[in-house]
Structure formats: structure tokens, C-alpha cells
Amino acid sequence: MKKDAPLIELLREYGVSRRGFLKFCSITASLMALPPTMAPAIARALEQARRPSVIWLSFQECTGCTESLTRSHSPTVEGLILDVVSLDYHHTLQAASGTAAEEAREIAMKENWGKYLLVVDGSIPLGNPGFSTIAGIPNVEMLKEVAEGAAAIIAVGTCAAYGGLPHAAPNPTGAVPVAEIVKEKPVVNVPGCPPIPVVITGVLAHFLTFGRLPELDGLGRPLAFYGNSIHDRCYRRPFYERGQFAETFDDEGARKGWCLFRLGCKGPITRNACATTKWNNGTSFPIESGHGCLGCSEPDFWDMGGFYNAVSEPAMESGTAVAWGLAGGALAGAAAGLLNRRERKAARASHQRVTVDDLKREE
Amino acid sequence: MDAAELLLWARGPGLLLAVGIFLFGMLLKLAEILLLGRERNLAPVRASGVGAGFRTVFRRSFSMDRSSLKTSLFVHLAGYAFHLGLLAAIFLYTPHVQLFGALTGLTWPALPSPVVDLLTVIALVSLMALLWHRLTTPVLRLISTGQDYLAWALSFFPLLTGYMAYHHLWFDYDWLLAIHILSAELLLVFFPFTKLSHAVTLFMARWYNGMMAGQRGVQS
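In the order they appear, the protein sequences are chains B and C. Counting along the first sequence from 1, when you hit position 100 you're at 254 in my numbering, and nothing is skipped either side. Counting along the second sequence from 1, when you hit position 2 you're at 61 in my numbering, and nothing is skipped either side.
Calculated directly from the structure, the hints in this document are not laboratory data. Among the clues, some could well be false.
Computed list of lysine to aspartate or glutamate pairs in EDC-like fashion (alpha-carbon distance at most 20 angstroms, straight line) [what the hints assert, rightly or not]: (1) Lys337/B to Asp371/B; (2) Lys269/B to Asp371/B; (3) Lys432/B to Asp386/B; (4) Lys499/B to Asp61/C; (5) Lys177/B to Glu163/B; (6) Lys88/C to Glu497/B; (7) Lys269/B to Glu256/B; (8) Lys499/B to Asp207/C; (9) Lys337/B to Asp61/C; (10) Lys88/C to Asp124/C.
Just so you know, these numbers come straight off a predicted model, no measurement behind them.
All chains should be modelled from the sequences, with the hints used to inform the complete structure.
In C-alpha cells form, the structure reads like this:
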């Protein structure tokens, strides 16, 4: 692969037609809520874009994010863009290993200092640096080193964005997200377990087109993809409004495709593009295949009170609080009742009869 | 603290704390009332009065007494509208039914969300009208205490925040949901210790009144 050839040429080598490329550009523009007139601008920018160096670091992760991008379906433009534009270093995908792999990373960093994109998946353990190392280098050290020369950092997946599964209670490795370690560089969070492929490439495309990162929400996510909740964009929403719910996964409501709120769907508090972008080449998304949303693009989704408990249900076991309340109330009530009785008894005992004579004025 | 953390606290420790305090307070209150006992009735009893008690509980929920309707039509209308809207919003909205199901194991059918939405609006408007009435009627204003306004606010805010959360008004949904749950928890915490507890004790009081009248052979 010619290293400094324009992106479009490299894509052509992979058999992506111009039509397919333009289609990708217009889809990206519409997904990112840019005006349709921006599609040619994206195309122009991507055509001229030189292959930017991307270093992909994988820390405490399951490789699901990489799998999501590379293996979900037959090669798509977004998969290829990532493959082609990127990856001077990705220890799962690259052929080299050991010293050769680390050398590739160091060369890429040196040659593109200040310009390369850093993509991170996986959380970083702070409990003990030995919990996760690559070539003997602790994750936190490698992240700091590579982040220093990066133009921007994309935290891909919920682990890199918010700590994810390793961060789930009781967080045995002391896992933290990227943004907690890298403070002085812009970090874009692309959460999801895994994130939607086109969201990752959309952020890349935005960066290549405009030279800056997209607008982010309070949790560091691109607003264009995480601006709406799943619930607000869900095709099953009318059933929610009408009060038609599946009560179990195999009842009549489930078969009729009714709302999965009662079965624990976290759609109302989850922001992601699943309901519009969908998965597997636009085939469907979890709710469409009959399972509620797990809320995987939200911080601490693993500890949100159980996947099969509705959003409005208690997030903790309530038995102890109920028992303490009842027992305490009964005891205090009994004590108060007894005190009141004693008071009344004492009042009766000390009651003095008053006669008319007592009331006569003493003059 | 971000919205997700606040929401998780509200759904977890916050809810348990509120439910615990609510149950503690209610049991304390009920035990105190019941242990007070009653003076022995020395008069011969004409009937058991049990049925009359239940009849009074039912009848006084629909006070269609013409003279009181005439003197305070507004309070009657707004009062009924508010109470019905509040009860529907609390007990007949799907997510709430789900919550009661998780807490008590009992579930019942819910109303369609737009119907609950309408009833909530009616309750909100009635509450505002009742506050205005309280503030503009000299006698009522004079006898109103801080607790009256507290009870008003504690009932108003869960309704308002729930309405705002449902319609995604002005703030982020996660924040609104968290604040809505917290406002309801505040209601639970204050419920046993303010006049809000009438929602439970009124049935005891009405039944007792009805029973006493029944034993004397008079209408209550």
C-alpha cells in the first residue's frame, strides 16, 4: 500500500466505486445532521485526505469493538476507510508482533508527531500497573506516552469512554476511562458495547473533513449520534404510549412486537444511534430482534439495577429497607403509644375535683 | 455528579431511604393513633356500626351535599380534579405500576400514557388554582400555615417534574427523571409527618365516625 496516496485511490484499490464512496459521504453527512450540501465537501476532503496515521491501543477490552468494525458484515466503505486510512499500530490486526510491532508504533509516532489520531479501546487499570501490559509496558504509561503526540483521541467503546465492564462494581482492577488520564488533549467518547461502526468512521470523517472534532455532549459523545435517546427514536414507541407491553419474552405481546419497557429496556435513558442507524448493514437493532436495550452506551450500564428490571424499578434490593422501616416504625409507634397512655394515666391520677366553693372568690 | 449517577442514586439508595422513612413514619403514626384507644361507650348499642362505617367511608368520598356545593363550588371542583389527577398519575401510569409491582409484588392495569398526561395537566392546573384561591381568600390565607404550603409544594413538584420528564421539557431527560424521582422521594419522606398522611388516616377517621353514628342509630 502506498503510504501517502490519497484516500480515494486506496479505496479504489479495494474495489470501492465512486458511487459507493459518494453514497457513504452523503449518509455520513445526514447521520451527522449536516446539511446535504456538505456531502460533496466531505467527499472532496476525504478524496484529498492523505492517509492519516492512526494508532489504535487496546487495553482492558474484549476486542468486541474491533470485531464490530471489521467482522460485522461484508466489507463496507466505513470498514474499509478505517482499514485503509489507519492503523499504523493495532496489535490485534497487525501482522507484526513483539518488538517489530512496538517499533511500528514508535516510528508512526515519530513521523507524525502532533498529527496522528489515537484510538483507544479498553479501560486502564490503576489498581496495579501489572494488571494489563503490552510488551511489558503498563497501559497507563503507554496511553500517556502516545497521547502526548496525538492530534486527538477517540475513546472507542464504553470501556475506554466510561470504564465499561472492568469498571463494574467492585472494579477489581481500579479501571478508569481514557478521559480520566488524558486531560490536556481533546477526547471524543464513542461509547457502546460495541459502538456502531459508522459512528466511529463518522467521527473520523468529520475530523478529516473539518480538521476538528464534532460537537460533543456533556459526556463527551458526538451529539450527532448521541443526541437522541433510543426510546425517542424507537419504532415500538407507539406501543409504549398506548400502554401495550410485552410481559415476558414469549407472550402474545412479545410476538406482536409490543414495547419492552417492562422487560427492562433501558431505551428511555440511553443515547445512541441504534434505532436509526441499526446494525448488520441496517438489518435491525436489539429491540427489533426482541430484546430490550441494555443501555450499553451509558456510563456504568452494568450497574444500572439489572438488565431485566424496568427503568422505574428500584436499582437495589428493597427488602432490608422495608423491613427496617416497618420494624423501626412499629417499635417507635408502640413506644409512643405507651408514653401517651402513661401520660393520660398520670393526668387522671393527678386530677383534682373542683367544686363551686373552690371557685368562690376569696375576698 | 452527572445525571446518570444522580439517577442511579435516586433509583437505589435514595429510594430505599425514602421508602424506609415512609414506612417507619406511617407505622409510627398509625400505632400511635390506634394505641390511644377510645373511651368506653356506656350507651346501649343499637347496631354493630361496622357496615355504617364502610358506608361513610364510601359516601364521604363523594360529597354531593347541595349546600356545601353551593358555598364552595370552586374548591369542590378543583379539589376533585386535583385528587383524581394525582391518583391516576401515581397509580395508573405504566412505569409507576411497574415500580409498585417491584416493591409489593402486586400489579394492575395502567391507563394509556396520553390519558395520564391529560389528567396530570388537569391536576397541575387545579393545584395552581387552589394555591391562588388560598392566597386570595383572606380567611383562608389567615388560617394557612407553613405546612399547608409545604404540602402543596410536595404534591406539585413530582407532578410538574414528571410532566416535564415525559415531554422532555427544557432539560435533559436523564436529569429530569432523576429530579422527578427525588421529588417523589421527598414526598414520601414528608408524607407521614405532615397533613399529607390524611391520604391514609382519612379512611380510619371516616370509618370510626360512621361506626359511632351507626351504633347510635343516626345517619353520619
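Okay, which hints does this one fail, numbers in order?
Numbers 2, 4, 8 and 10, in rising order.
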